[in-house]
Amino acid sequence: MNTKTIGLAVLAAALTSSVLAQEAGTNSQFITIPREQYLLLKKLADEYPKLAEEMKEMKAFKAQAEVTLKKVAPQQAETDQALDELDKKITDVKKLAKDSAPGTNKFLLTGYGSAGFTAQNRGGDKKFAATFNPIFLWKLSDRLLFEGELEAELEGADTHLALEIAQMSYVLNDYMTFGAGKFLNPANYFVERQHMAWVNKLPDKPLAVYDGLLPESNLGMQLRGALPAGSMKFGYAVYVANAPMLMIDPATVAPSDFGKLEFNNFDNSDHHVAFGGRIGFQPFPELEVGYGMQYADVTPRGVGVNAIHALLQSLDFSYVRDSAVLCGTINLKGQWVWSKVSDFVYDPTSLAGGPYTFSNKREGGYVQLAYRPSRLDNPILKNLEGVVRADMLNQAKTAAGVDERRLTFGLNYWLTPSSVCKVAYALDRQRGSNADPHDTLMIQFATGF
Amino acid sequence: MKPNFIPILGGAAVMIVAAALLLAAGCSTLKSGTSAPAAGPKAGASASGAQLWAQNCGHCHNIRSPGMYSDAQWEVIMLHMRIRGNLTATEHKEILAFLRSAH
Numbered sequence: 001m002n003t004k005t006i007g008l009a010v011l012a013a014a015l016t017s018s019v020l021a022q023e024a025g026t027n028s029q030f031i032t033i034p035r036e037q038y039l040l041l042k043k044l045a046d047e048y049p050k051l052a053e054e055m056k057e058m059k060a061f062k063a064q065a066e067v068t069l070k071k072v073a074p075q076q077a078e079t080d081q082a083l084d085e086l087d088k089k090i091t092d093v094k095k096l097a098k099d100s101a102p103g104t105n106k107f108l109l110t111g112y113g114s115a116g117f118t119a120q121n122r123g124g125d126k127k128f129a130a131t132f133n134p135i136f137l138w139k140l141s142d143r144l145l146f147e148g149e150l151e152a153e154l155e156g157a158d159t160h161l162a163l164e165i166a167q168m169s170y171v172l173n174d175y176m177t178f179g180a181g182k183f184l185n186p187a188n189y190f191v192e193r194q195h196m197a198w199v200n201k202l203p204d205k206p207l208a209v210y211d212g213l214l215p216e217s218n219l220g221m222q223l224r225g226a227l228p229a230g231s232m233k234f235g236y237a238v239y240v241a242n243a244p245m246l247m248i249d250p251a252t253v254a255p256s257d258f259g260k261l262e263f264n265n266f267d268n269s270d271h272h273v274a275f276g277g278r279i280g281f282q283p284f285p286e287l288e289v290g291y292g293m294q295y296a297d298v299t300p301r302g303v304g305v306n307a308i309h310a311l312l313q314s315l316d317f318s319y320v321r322d323s324a325v326l327c328g329t330i331n332l333k334g335q336w337v338w339s340k341v342s343d344f345v346y347d348p349t350s351l352a353g354g355p356y357t358f359s360n361k362r363e364g365g366y367v368q369l370a371y372r373p374s375r376l377d378n379p380i381l382k383n384l385e386g387v388v389r390a391d392m393l394n395q396a397k398t399a400a401g402v403d404e405r406r407l408t409f410g411l412n413y414w415l416t417p418s419s420v421c422k423v424a425y426a427l428d429r430q431r432g433s434n435a436d437p438h439d440t441l442m443i444q445f446a447t448g449f
Numbered sequence: 450m451k452p453n454f455i456p457i458l459g460g461a462a463v464m465i466v467a468a469a470l471l472l473a474a475g476c477s478t479l480k481s482g483t484s485a486p487a488a489g490p491k492a493g494a495s496a497s498g499a500q501l502w503a504q505n506c507g508h509c510h511n512i513r514s515p516g517m518y519s520d521a522q523w524e525v526i527m528l529h530m531r532i533r534g535n536l537t538a539t540e541h542k543e544i545l546a547f548l549r550s551a552h
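Each protein sequence line maps, in turn, to chains B and F.
59 is the number that the working numbering gives to position 59 of the first sequence; each next residue is one higher, with no gaps.
528 is the number that the working numbering gives to position 79 of the second sequence; each next residue is one higher, with no gaps.
The following block holds chain B by itself, in its conformation from the complex:
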């Protein structure tokens, strides 16, 4: 054996031992797995090159997209800004269109209407009726307002149209407003605040205060406003207007109307001026009490007599409270009116059976209580409202020759806050030479709009 042979043998032995040692080490990390897992791992291993290739392609795509976005971004910002501006313009146009729509910009058409049925016993009236009172409001500036109201009524075969209000008002300052034209009588609380069909809680209106002893409206000028006084508030109104006309003409006036005042004296035929006003006091928000008056010379022209004066006075109160204890709202109102006209000799030439002389003092008023259980959950009961009113007019000692007492019970159902169905029954008792007692059933639908 030579040296070369020995070297090869040693090398072979070393390699053999090395391989054996390596196999021994490797064999210690072998694990046994189920065939299914082996196949799954093999499958994943086979798919790896493909997935790696796809990832490479995606990275290339992403890089390309980023380059593209960098180019597009400024354009997108411009587009967003343009859309914002367009949206703002559309909003402005919508607001302009909304504010410019008829009835929404300075001018407003509002008002109220009613339809009803009245049936009296003892041969009295049985009839349907309907009224329509459109109210036109123009706000000419923050201080200047014009208001007009018409009243359309069916009377006999005709439709009667009357100008209820036509007044221009100017707010002088925080505490005073000037008004001129035909305006509701501020001395008459019921007329100014309660007479509207959807506000008045009964189908008819109380004696004395409406179509009675106080004017419903005045044609003249007024100053009015409100004065806060600590925790209280005063409201006031003073006015000058056409004076009423004393009804004396036996050719045109029924004897029972002698001595009454014609308040719709638009021509001011006797050339007199009336002045009056009202002051209201609110010691707390739920209560208001007020005193109103009007004084006028009503001496008829061309009649050689001493001056005839008319003094009209009114005392009113209103209490409205929403009470949790009562589960609803109580509404208590009242007004009492006095009318005093100087003595006068009516029909001195006996054209109508005169002469008539009497003490021309009249008085009357009402008190009304309403309750609505508005806090109940029941949707029917919460809209029901019970009303009871007592009203009277004393003028038996005048040419009218009758005292009248009424007690009226009513039940209302509110369809909406300004739409109501009213049913009422009135007991009317009268005494005097012209008495005509009767009971009346009234049904009325009224709405404000």
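To be clear, the hints were calculated from the coordinates, so they are not data collected in a lab.
Be aware that one or more of the hints could be misleading.
[Unchecked claim] When the alpha-carbon atoms are kept at most 27 Å apart in a straight line, the in silico DSSO-like pairs for lysine-lysine are as follows: (1) F/Lys542 x B/Lys95; (2) B/Lys94 x F/Lys542; (3) B/Lys106 x B/Lys95; (4) B/Lys59 x B/Lys43; (5) B/Lys70 x B/Lys89; (6) F/Lys542 x B/Lys106.
Keep in mind it's a predicted model, so treat the numbers as computed, not measured.
Assemble chain F onto chain B, guided by the hints.
Below, chain F alone, put in the same frame as chain B:
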């Protein structure tokens, strides 16, 4: 036939008694501090527009939803009611602000 005023006067008396009881009940809620939409701060004191709206409008008629009219319409109505209802300038301003914010 002689007119009989007794039922009328009797009814009026019953109504007045009922009113007195209701007033007393109303006052009791004041004492208990129960809040109510129509109740609130004193007339001249600072009150929210919503309270002033409920107090002043509800004193004469049912209050209407703020959503019934647009802002422009409420401006006209509130100027009208400021004059008719003898509202103070502050009441007018705060009620109008409330109506604008409520729809």
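Now for the hints, and whether the structure bears them out:
1. Taken as a hint, the lysine 542 of chain F and lysine 95 of chain B pair is honoured in the structure, with Cα atoms around 22 Å apart against an allowance of 27 Å.
2. Pair hint lysine 94 of chain B plus lysine 542 of chain F holds up; C-alpha atoms about 26 Å apart against a cutoff of 27 Å.
3. Between the alpha carbons of lysine 106 of chain B and lysine 95 of chain B the distance comes to roughly 15 Å, so the proposed pair stays at or under 27 Å and holds.
4. With a C-alpha separation of about 24 Å, the suggested pairing of lysine 59 of chain B with lysine 43 of chain B holds against the 27 Å cut-off.
5. For a cut-off of 27 Å, the pair hint linking lysine 70 of chain B to lysine 89 of chain B is broken: about 30 Å separates their Cα positions.
6. Distance hint between lysine 542 of chain F and lysine 106 of chain B is fulfilled; the C-alpha atoms sit about 17 Å from each other, no more than 27 Å.
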